[in-house]
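Add chain B to chain A, keeping to what the hints say.
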Amino acid sequence: MAESKGMFVDTSYCTGCKGCQVACKEWNNLPMADHIGFTGNSYDNTEKLSAQNWRHVKFIEQFSDDRSMQRWLFMSDSCKHCQHAGCMQVCPTNAIIRTEFDTVYVDQDVCIGCRYCVAGCPFGVISMDEVSGTAKKCTLCYDRLQEGMQPACAQTCPTGAIQFGNVEELRAKAEARAQVLRKSGEQEVHIYGTEETFGGLNVFYLLLDKPEVYGLPTNGKLPSQKLGRGYVSSLIGLVGVGLAGLLTFRANRMKMLEEQKDEHFSS
Amino acid sequence: MYLYEHGLQNPHWHWEITLYLFFAGVAVGSYIFAAFGQLWGSKSDQRHSITGYFFTMPLIALCGILVILDFTVSDKVRAFTRVLWNPRDLAFNFKPTSMMSMGAWAISVFGIFATISFLYAVIKKYQIESRVPFSKLIVGFHEGSVKKIYLTIGILLAGYIGSYTGILLTATQWPIWTHTSVIPLLFVISGVSTGLAVIVLAMTRQKREAEGYIHRLEKTDTYLMVAEIIVIGLFIFNLGPLAKVMITGSNGLLLFGGVLFAGLIVPLLLRYRPNLLGEKESFILSNALILIGGLILRYVMVVGAQNF
Chain A
2 MAESKGMFVD TSYCTGCKGC QVACKEWNNL PMADHIGFTG NSYDNTEKLS AQNWRHVKFI
62 EQFSDDRSMQ RWLFMSDSCK HCQHAGCMQV CPTNAIIRTE FDTVYVDQDV CIGCRYCVAG
122 CPFGVISMDE VSGTAKKCTL CYDRLQEGMQ PACAQTCPTG AIQFGNVEEL RAKAEARAQV
182 LRKSGEQEVH IYGTEETFGG LNVFYLLLDK PEVYGLPTNG KLPSQKLGRG YVSSLIGLVG
242 VGLAGLLTFR ANRMKMLEEQ KDEHFSS
Chain B
694 MYLYEHGLQN PHWHWEITLY LFFAGVAVGS YIFAAFGQLW GSKSDQRHSI TGYFFTMPLI
754 ALCGILVILD FTVSDKVRAF TRVLWNPRDL AFNFKPTSMM SMGAWAISVF GIFATISFLY
814 AVIKKYQIES RVPFSKLIVG FHEGSVKKIY LTIGILLAGY IGSYTGILLT ATQWPIWTHT
874 SVIPLLFVIS GVSTGLAVIV LAMTRQKREA EGYIHRLEKT DTYLMVAEII VIGLFIFNLG
934 PLAKVMITGS NGLLLFGGVL FAGLIVPLLL RYRPNLLGEK ESFILSNALI LIGGLILRYV
994 MVVGAQNF
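Going line by line, the protein sequences match chains A and B.
Quick note: the first sequence, position 184, residue 185 per my numbering, numbers continuous.
Quick note: the second sequence, position 282, residue 975 per my numbering, numbers continuous.
Just chain A, with the same shape it has in the complex (with noise of 0.2 angstroms):
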């Protein structure tokens, strides 16, 4: 395998011109979504990630009680490429897989349209193509890295806020930039996306706040490690389904056969 590509995101240079959305959209041929408005809660109007949207410029716009103080925080949004990667975990057709660059891949060929891979990416990334039926996601521009070429949105962004790359370049680059920002007075600056993140985000951030203002998890689960409870909540539910039966039975059964036993002794 080639060495872990991928991206670090520098939201602290995102000026949410959405040129990387313009980019993705383009170079992987994406249709325009059917519907264009505002959320209302926001002045993004693509509002999450879908077949149509690989990437997403989130908008987080915080505004004190009185309003008299703002912030507009950016996150260019995409597949985050996980180590870990829940879709690729639950996908009963091998159809996600890890491409040789160390990127999670969803083979068009072998999906089924069974959606599970959408109920298990805990970052809302994937969903389905109305037209194709199968899932789709962010590829990191596969056809592009085979070429020797960096992704399109990070070729495209004007401010250098998506670096491609190594990811443990990347990673030595997200530090140092962490600690000027930290030295800068900017004292909620998380890096997303460590080890702790389902084994470590190959697409990982530079925050300027808690990773649940920009809507990500911090505490989430992979599906396989909710397997446990839930077999072990099932087996309960089946020895009493057993006991049951038991009872039902078991308990009969011997009452006939003491029976006959008695008819036989009193013939």
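Worth flagging that the hints you see were computed from the coordinates, not collected in a lab.
Result set (DSS-like, lysine-lysine): computed pairs, CA atoms no more than 25 angstroms apart in a straight line:
no. : chain 1 : residue 1 : chain 2 : residue 2
1   : A       : Lys222    : A       : Lys49
2   : B       : Lys937    : A       : Lys222
3   : A       : Lys211    : A       : Lys49
4   : B       : Lys818    : B       : Lys829
5   : A       : Lys222    : B       : Lys788
6   : A       : Lys174    : A       : Lys211
7   : B       : Lys736    : A       : Lys256
8   : B       : Lys912    : B       : Lys900
9   : B       : Lys736    : B       : Lys841
10  : A       : Lys256    : B       : Lys900
11  : B       : Lys900    : B       : Lys736
12  : B       : Lys900    : B       : Lys973
13  : B       : Lys912    : B       : Lys736
14  : A       : Lys256    : B       : Lys912
15  : B       : Lys817    : B       : Lys736
16  : A       : Lys262    : B       : Lys736
17  : B       : Lys840    : B       : Lys736
18  : A       : Lys227    : B       : Lys937
19  : B       : Lys841    : B       : Lys829
20  : A       : Lys256    : B       : Lys840
21  : B       : Lys818    : B       : Lys736
22  : B       : Lys788    : A       : Lys227
23  : A       : Lys211    : A       : Lys222
24  : B       : Lys900    : B       : Lys818
25  : B       : Lys829    : B       : Lys840
26  : A       : Lys184    : A       : Lys174
27  : A       : Lys49     : A       : Lys26
28  : B       : Lys841    : A       : Lys256
29  : B       : Lys818    : B       : Lys840
30  : B       : Lys829    : B       : Lys736
Then chain B, alone, in the frame of chain A:
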């Protein structure tokens, strides 16, 4: 609720999955109690128990059709084969981390058991042992020296499928499904309860000759229904603030009115006081309501839980 939960994508599982989980539960329940009857029952119980086998195989086949219908790709039938076989890797798909993969294998293997038991039931009911190929083998599985091993494996597979229907939901990221581990327990109890209701309902015409057997099944089902009421309470309690989604609006109406009242309390009442409607009417209505309640439960859990 964390903000990120609003950003989660909805798998859009609708009627196909609702019916699939319901029929799988009924199939499992009817098989388990048919096998229990054969393993532990008296001679008469063993004779009556075969009724359960008539339902398992057709319902499992129906489950397969429903799964195929649920796939969103155009070539649905070919997609179905890909759950087990990966044409890209030229290898079987067997993933313990994916409940869908495990469930597909369990249902496929159980399908063989269900088919053999279905044939056994047909042979026994119509006394056509001489006309069915391999009938000695089929009967031997259920009555011969390997009976205990065969039926135990069948019961374990059925139990696994019963568990899988619930774990399929809990091993996801969707808030209601994953906030509580009670759903698998609830689906196991409800599945067996509906399976018993189907067997009992199918024996309406033999009510007199199989009175003792039916009475015992109904008694067991009564205990299961009481357990189901308790587990539903536990489910709501476990959800914490998310319970609001399930107990208000249409979900609340379906859960309280459809599942708890119509599907559990009324059948319990009719069993306790069969003279309220007449014995035969109460018998049929109570079991029919259990089935309807079981279906509504799956609907609320699958479709209702996605609507927020």
